[in-house]
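A.B. asks: Throw the hints in and build the complete structure from the sequences for me.
Quick note: the sequence shown uses numbering that gives the first Met the number 0, first residue 0, plus one each step.
The hints are simulated quantities; they were obtained by calculation from the structure and are not laboratory data.
Don't take every hint at face value.
Subject to a maximum C-alpha distance of 25 Å in a straight line, what follows is the list of computed SDA-like cross-link-like pairs (lysine to any residue) [what the hints assert, rightly or not]:
| # | residue 1 | residue 2 |
| --- | --- | --- |
| 1 | 16 | 33 |
| 2 | 16 | 35 |
| 3 | 57 | 19 |
| 4 | 2 | 13 |
| 5 | 3 | 14 |
| 6 | 8 | 40 |
| 7 | 14 | 37 |
| 8 | 3 | 35 |
| 9 | 3 | 19 |
| 10 | 3 | 29 |
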Amino acid sequence: MAKKCLRIKAERTPKFKVRQYNRCPLCGRARAFYRRFRMCRVCLRLYARRGEIPGVIKASW
0 MAKKCLRIKA ERTPKFKVRQ YNRCPLCGRA RAFYRRFRMC RVCLRLYARR GEIPGVIKAS
60 W
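C.D. replies: In structure tokens:
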């Protein structure tokens, strides 16, 4: 879980556009962020296993 201050800081519009970075809105994680799903890999895996993300299934071959 990320610090609350870092989550709030990421939501604000920065002084310069290049200073903006992605952070998971669910847990606040900044690394391993998937833009397509707007969440980190940990939350993506959790929600995919529960079946809460439409179109995403566990691979098996």
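A.B. asks: Run every hint past the structure and note whether it holds.
C.D. replies: Going through the hints against the structure:
| no. | hint | result |
| --- | --- | --- |
| 1 | 16 / 33 | 20 Å, holds |
| 2 | 16 / 35 | 20 Å, holds |
| 3 | 57 / 19 | 32 Å, violated |
| 4 | 2 / 13 | 18 Å, holds |
| 5 | 3 / 14 | 20 Å, holds |
| 6 | 8 / 40 | 21 Å, holds |
| 7 | 14 / 37 | 23 Å, holds |
| 8 | 3 / 35 | 24 Å, holds |
| 9 | 3 / 19 | 17 Å, holds |
| 10 | 3 / 29 | 13 Å, holds |
Hint compliance for this structure: hint 3 alone is broken.
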